[in-house]
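Colleague: Note that the protein sequences, when read in sequence, are chains W, Z, F and S.
Quick note: the first sequence uses the UniProt record's numbering, first residue 1, plus one each step.
Quick note: the second sequence uses the UniProt record's numbering, first residue 1, plus one each step.
Quick note: the third sequence uses the UniProt record's numbering, first residue 1, plus one each step.
Quick note: the fourth sequence uses the UniProt record's numbering, first residue 1, plus one each step.
Don't read these hints as lab results, they were simulated from the structure.
Some clues are possibly wrong.
Said to hold, decoys possible - With beta-carbon atoms standing in for the labels, derived distance ranges:
{"#": "1", "chain 1": "W", "residue 1": "Glu90", "chain 2": "Z", "residue 2": "Arg207", "range": "37 to 43 Å"}
{"#": "2", "chain 1": "Z", "residue 1": "Asp231", "chain 2": "F", "residue 2": "Arg75", "range": "28 to 34 Å"}
{"#": "3", "chain 1": "W", "residue 1": "Glu294", "chain 2": "F", "residue 2": "Arg320", "range": "28 to 34 Å"}
What the hints assert, rightly or not - If you want the ones that stay clear, here's a sample from chain W, every Cβ over 12 Å from chain Z, calculated:
{"#": "4", "residue": "Leu57"}
{"#": "5", "residue": "Ser59"}
{"#": "6", "residue": "Arg174"}
As the list claims (entries may be wrong) - Distance condition first, Cα-Cα at most 30 Å in a straight line; then the derived DSS-like pairs of lysine-lysine:
{"#": "7", "chain 1": "W", "residue 1": "Lys216", "chain 2": "Z", "residue 2": "Lys309"}
{"#": "8", "chain 1": "F", "residue 1": "Lys216", "chain 2": "Z", "residue 2": "Lys6"}
{"#": "9", "chain 1": "S", "residue 1": "Lys302", "chain 2": "W", "residue 2": "Lys216"}
{"#": "10", "chain 1": "W", "residue 1": "Lys216", "chain 2": "S", "residue 2": "Lys6"}
{"#": "11", "chain 1": "Z", "residue 1": "Lys216", "chain 2": "W", "residue 2": "Lys77"}
{"#": "12", "chain 1": "W", "residue 1": "Lys5", "chain 2": "S", "residue 2": "Lys77"}
{"#": "13", "chain 1": "F", "residue 1": "Lys77", "chain 2": "F", "residue 2": "Lys302"}
{"#": "14", "chain 1": "F", "residue 1": "Lys292", "chain 2": "Z", "residue 2": "Lys309"}
{"#": "15", "chain 1": "F", "residue 1": "Lys292", "chain 2": "Z", "residue 2": "Lys307"}
{"#": "16", "chain 1": "F", "residue 1": "Lys292", "chain 2": "Z", "residue 2": "Lys292"}
{"#": "17", "chain 1": "F", "residue 1": "Lys216", "chain 2": "W", "residue 2": "Lys216"}
{"#": "18", "chain 1": "Z", "residue 1": "Lys216", "chain 2": "F", "residue 2": "Lys5"}
{"#": "19", "chain 1": "F", "residue 1": "Lys307", "chain 2": "Z", "residue 2": "Lys292"}
{"#": "20", "chain 1": "S", "residue 1": "Lys302", "chain 2": "W", "residue 2": "Lys292"}
{"#": "21", "chain 1": "S", "residue 1": "Lys77", "chain 2": "F", "residue 2": "Lys216"}
{"#": "22", "chain 1": "Z", "residue 1": "Lys216", "chain 2": "F", "residue 2": "Lys6"}
We treat Cβ as the ideally placed atom computed from N, Cα and C, and that holds for glycine.
4 protein chains.
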Amino acid sequence: MSAVKKIAVLTSGGDSQGMNAALRAVVRSALYHGIEIFGIQRGYQGLLNNDIFSMDLRSVGDIIQRGGTVLQSARCKEFYTEEGQRKGAEILRNYGIEGLVVIGGDGSYQGANKLSKLGINTMGLPGTIDNDISFTDYTIGFDTAVGVVVDAINKLRDTMSSHERASVVEVMGRHCGDIALHAGLASGAETILVPEVPYDLGEVAQRMTHNFAMGKRHSIIVVAEGAGKGDDIASELARHSSQIDARVTVLGHIQRGGTPTPFDRNLASRLGDFAVRSLIRGESDKACGIIKGELVLTDIDKVVNTKNKFDNEMYELALRLSQ
Amino acid sequence: MSAVKKIAVLTSGGDSQGMNAALRAVVRSALYHGIEIFGIQRGYQGLLNNDIFSMDLRSVGDIIQRGGTVLQSARCKEFYTEEGQRKGAEILRNYGIEGLVVIGGDGSYQGANKLSKLGINTMGLPGTIDNDISFTDYTIGFDTAVGVVVDAINKLRDTMSSHERASVVEVMGRHCGDIALHAGLASGAETILVPEVPYDLGEVAQRMTHNFAMGKRHSIIVVAEGAGKGDDIASELARHSSQIDARVTVLGHIQRGGTPTPFDRNLASRLGDFAVRSLIRGESDKACGIIKGELVLTDIDKVVNTKNKFDNEMYELALRLSQ
Amino acid sequence: MSAVKKIAVLTSGGDSQGMNAALRAVVRSALYHGIEIFGIQRGYQGLLNNDIFSMDLRSVGDIIQRGGTVLQSARCKEFYTEEGQRKGAEILRNYGIEGLVVIGGDGSYQGANKLSKLGINTMGLPGTIDNDISFTDYTIGFDTAVGVVVDAINKLRDTMSSHERASVVEVMGRHCGDIALHAGLASGAETILVPEVPYDLGEVAQRMTHNFAMGKRHSIIVVAEGAGKGDDIASELARHSSQIDARVTVLGHIQRGGTPTPFDRNLASRLGDFAVRSLIRGESDKACGIIKGELVLTDIDKVVNTKNKFDNEMYELALRLSQ
Amino acid sequence: MSAVKKIAVLTSGGDSQGMNAALRAVVRSALYHGIEIFGIQRGYQGLLNNDIFSMDLRSVGDIIQRGGTVLQSARCKEFYTEEGQRKGAEILRNYGIEGLVVIGGDGSYQGANKLSKLGINTMGLPGTIDNDISFTDYTIGFDTAVGVVVDAINKLRDTMSSHERASVVEVMGRHCGDIALHAGLASGAETILVPEVPYDLGEVAQRMTHNFAMGKRHSIIVVAEGAGKGDDIASELARHSSQIDARVTVLGHIQRGGTPTPFDRNLASRLGDFAVRSLIRGESDKACGIIKGELVLTDIDKVVNTKNKFDNEMYELALRLSQ
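Looking at chain W on its own, in the form it has when it is part of the complex (with noise of 0.2 Å):
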């Protein structure tokens, strides 16, 4: 039996397929442990508001294949400030609460930082879809975003390659191009535009009408929202070459959406029990991270303040394999 007696745990930001499957882990693993669990609606506005309320085992029943979080999430301002931050820890400890797990992104993670300085066991679980946090190699939604990307890709596909069209698809990452870069290498995409690469669309535009010529009969360039916009890049291309006649498509929210896969469902497992375990070990302050198939720790400071790594190679590679 544990030392630790009581923990929450909230999602916060925006949502990402996978985070009902974390708190799933969350709240079992705690009660397996012999924890009290509490979840919290809303992320930190529910915490503001007192909107806590005690998990059981059917709490979490059935919840693992959902999209979305059944806990919801808001945005909050009130917490950014010093005044919100110790009200929360406050509410916290009049519920007896010592521990909390956080699911969400880089924000999210730095309200769990505040919290860890004013006494209350903070653990961040990477809940983004985005693939944007640095020490961890996935992020929980990742995995099914690509899907996701890579699914409406094979749709376009179909209806380029009946038209001999290019079609640009605006994907999300503002300051990472991991979506684009994934679901390109695995859709075949001749040009990915990600915010780590300089990009020249005259070399893309030669060598999409090269491509035409040679014999492709579509050409699909995914681009990442922090690469640009969609719009802008179709009426670039044009500008380049008058052959290039570009459908744009952006994605959008439902990259957010769908049935976890198996892959996220199952990294949200382990990194949600590992949270758990963590905080009955007496860690606090900690960002849960999957690097190269083991479970770590790392400081929350530091993982919100250094740089995810862009994978060049993959990158390389997918340029290659597109021609």
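Please arrange chains Z, F and S on chain W, whose structure you already have, making use of the hints.
Modeller: Chains Z, F and S only, in chain W's frame:
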């Protein structure tokens, strides 16, 4: 053995899922009846370019499940001219081709109509996702397109529920709201905006605010492109109520893609076979359709000059059930 | 406002996809018409157990897309007896329930028929994947089940083509070959074995050997369970030709699962609403169906005593096109 | 430009999803490096039949998303003999082929090992859904196969919950329980039976009865074929408790099919490229794998003689979380 000896088939206009299944049915039904069958690449443009080739049983093997059209499609300005049409008829006659099956939408039907006046027996098959062709209850591709939209809305619902947000989804349908209607009813959308029914966004905003107050966690507005731009709808809703912060998704060309549903494959198979059998019977200048489960022929002229009916009863049902 | 004040709904027999959509339509349509609506858990068994509860708009929120039935289903021997039926009618009367909507298959309809004779107004909705109910062109769940089968056959085709092998796929349908027929046509199966059409496996074996010789890379035999066991078919084919080494797949209960297609959701929604409106109009002892696009009522007696018709034309088309 | 001038590629053994993506990577990487590349149809049998042909960029166009293998596969008894192996090596030499990439499982690797001893440089790529190859964390196809199983279990869960029934799902894995483990964890299966862990069905039956009593509406038992037949498991469970009436589903060959996941496509792409680059560097008789995110080479001998490790920690996690 049929008196008709040689027929050809082409796909034209925007592609739709199930065109390949229709093509397979045309080819195999022709061969079954002892008729030589030719494929024309890239629609009417390919016809004018003599891009015509003989097809056999294996030419359409393993395509029933594929989106797009292996014969490809293209726009062709030249074919709008009388000269182009004469040239097309002559080319067909040079091959000894007496009948032509055209798979496509309204514009494609008009081409078939012109050719029939120049002595080529023609049959139109309704290949378009919009369901905007009269004298057929369903067009080939419509059921699949509705499925793509409903799948996307399911994904949006996950994430919208997590944030208690509204979502505006713009779908295809310039003059016909059928995709919006069928997808809206199937996904439990609260609001469906179509070109056929006038609407008042003030009322919509009021109902949305009311529903959120009553505990609904999401609100989905499906809008056919012919009824308004998604972005415009969202900003006008925000003007009406400051509480409404709707995310916009424009589904675009992914609606044309994906493996056709069994419904579309079977519809395409039945219609393709019916077109060939009708040509054998000496019919010409007809559109093939399915009305109340029965295969029917209608004069192309009548089809292109009659507006498709909108199902008001289903529309009202959708609103009644999405409270 | 309706003269009917209270109605109830139950699901019975094997579940099917779209039952939840039907349930949602019944509940919301009733509430829209100012009628109190009760749910009965676990079919007729739940009725006898007084497992009855009041439902509101939110009771059926977020279920339109879910497989199975939130009301659950169960077999109930007691309800086969006159005593059980009387007890059921009495329990309903104790609640003041004047009308009952039963969603299920033939057996469930018979229960409704008995109750109607005991003074309860009843409506049957065709909820079964087999499409084996007469006086309706489609049952709720059939379109989805066909989709599950076609998806599985697509997967088998990948691997069978890679090994140039034959595949026997056993699907549901004890007395009705509709799943086999529609899935067989849609997936280009070379052979479709159904209870309605006698067959000769010697001929099948001959055609398969011929087709492989002609360059076909796979051969798919879809068999409805009522026409034979997959394993038996495979071994008899092997007896007829030593070249045929067919793999057997029994799809089983996965055919009942999965998110309902838009077609099934919309069919269920229309039928559910129709059932409620029919009860309001004072109808009883009727099965709701859709025939040639029109909603129709038929005496339950007539429905359970009429054999469903098989579409021989479609059957022959499937064979003609799968050469 | 590489010293190696000509290489060939074949797929062998049971096919797996992602083989086509691997093939595409091998072909395009070879061409990128200025190497002539040959495809061998139908595995080692095709090699002995001289079924060898030159491939170019377009040979592998539009295949990245397809299940199965366009090069097909076949068993070949002749190649088990020394004479067959010599003949194979000679044929390759006649073409001037110096290196061979073999995509397949253990048996396929052994063939590559033999050829390397006869002077052909060989590389093995782990193409099998079972994840039963040592010195690689993942085989190509495994992630997709797990997805197929999880999708099927989701469908079963719908219907099992509706009837409060147990479900036994037999999945692939003769010596390796990885599919059962990963799919079991991802789908929240209560029981996972694998060849690596002894089990007691009496205990399983007891836990199931307990869980139903505690309000669980379904119970899913995933069993790897190497740990027992689904039917046997179900009848033994029924012997232990008369309350347990489990339905059995044998997923069979559909596990090999379907479009590969992005994960499998990217794994295949990286490994395919790595195999070519390794041949260029003069390596031979090696299996390519991915261990903790890094691409690694291991002697084929060592790979085929080492048993794959089972992840006991993940196994225990799955049980812990499925209460």
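Colleague: Each hint needs a verdict: does it hold in this structure or not?
Modeller: Quick rundown of the hints versus the structure:
Taking the beta carbon of each, W:Glu90 and Z:Arg207 are about 40 Å apart, inside 37 to 43 Å as hinted. One distance hint, 28 to 34 Å for the beta-carbon pair Z:Asp231 and F:Arg75, is violated here, with the actual separation near 54 Å. Between W:Glu294 and F:Arg320 the Cβ separation comes to about 59 Å, which falls outside the hinted range of 28 to 34 Å. Interface exclusion of W:Leu57 from chain Z stands, the closest Cβ pair being 22 Å apart, more than 12 Å.
Every C-beta of chain Z lies more than 12 Å from that of W:Ser59, the closest at about 16 Å, which supports listing it as non-interface. Non-interface call for W:Arg174 relative to chain Z: holds, since the shortest CB-CB distance, roughly 16 Å, exceeds 12 Å. As the CA atoms of W:Lys216 and Z:Lys309 are separated by approximately 41 Å, the hinted pair breaks the 30 Å bound. A threshold of 30 Å between alpha carbons decides the hint, and for F:Lys216 with Z:Lys6 the separation of about 25 Å falls inside it, so the pair holds.
A threshold of 30 Å between alpha carbons decides the hint, and for S:Lys302 with W:Lys216 the separation of about 42 Å lies outside it, so the pair is violated. For the proposed pair W:Lys216 and S:Lys6, the alpha carbon gap of about 25 Å is at most 30 Å, so the pair holds. With a CA separation close to 24 Å, the supplied pair Z:Lys216 and W:Lys77 stays within the 30 Å bound. At most 30 Å may separate the alpha-carbon atoms for a hinted pair to count; W:Lys5 and S:Lys77 exceed this at roughly 64 Å.
Between the alpha carbons of F:Lys77 and F:Lys302 the distance comes to roughly 23 Å, so the proposed pair stays at or under 30 Å and holds. For the hint pairing F:Lys292 with Z:Lys309, the CA-to-CA distance comes to about 17 Å; that is within 30 Å, so the pair holds. This hinted pair checks out: F:Lys292 and Z:Lys307 have alpha carbons roughly 21 Å apart, not beyond 30 Å. Proximity of F:Lys292 to Z:Lys292 is assessed by CA-CA distance (about 4 Å); at most 30 Å being required, the pair is judged to hold.
At most 30 Å may separate the alpha-carbon atoms for a hinted pair to count; F:Lys216 and W:Lys216 meet this at roughly 27 Å. Using a Cα cut-off of 30 Å, the hinted pair Z:Lys216 and F:Lys5 holds, with the two alpha carbons roughly 26 Å apart. Of the pairs offered as hints, the one joining F:Lys307 and Z:Lys292 holds, with about 21 Å between alpha carbons and a cut-off of 30 Å not exceeded. Simply put, S:Lys302 and W:Lys292 have alpha-carbon atoms about 23 Å apart, close enough for the 30 Å limit, and the pair holds.
For a cut-off of 30 Å, the pair hint linking S:Lys77 to F:Lys216 stands: about 24 Å separates their Cα positions. Simply put, Z:Lys216 and F:Lys6 have alpha-carbon atoms about 25 Å apart, close enough for the 30 Å limit, and the pair holds.
Hint compliance for this structure: hints 2, 3, 7, 9, 12 are not met, and every other hint is.
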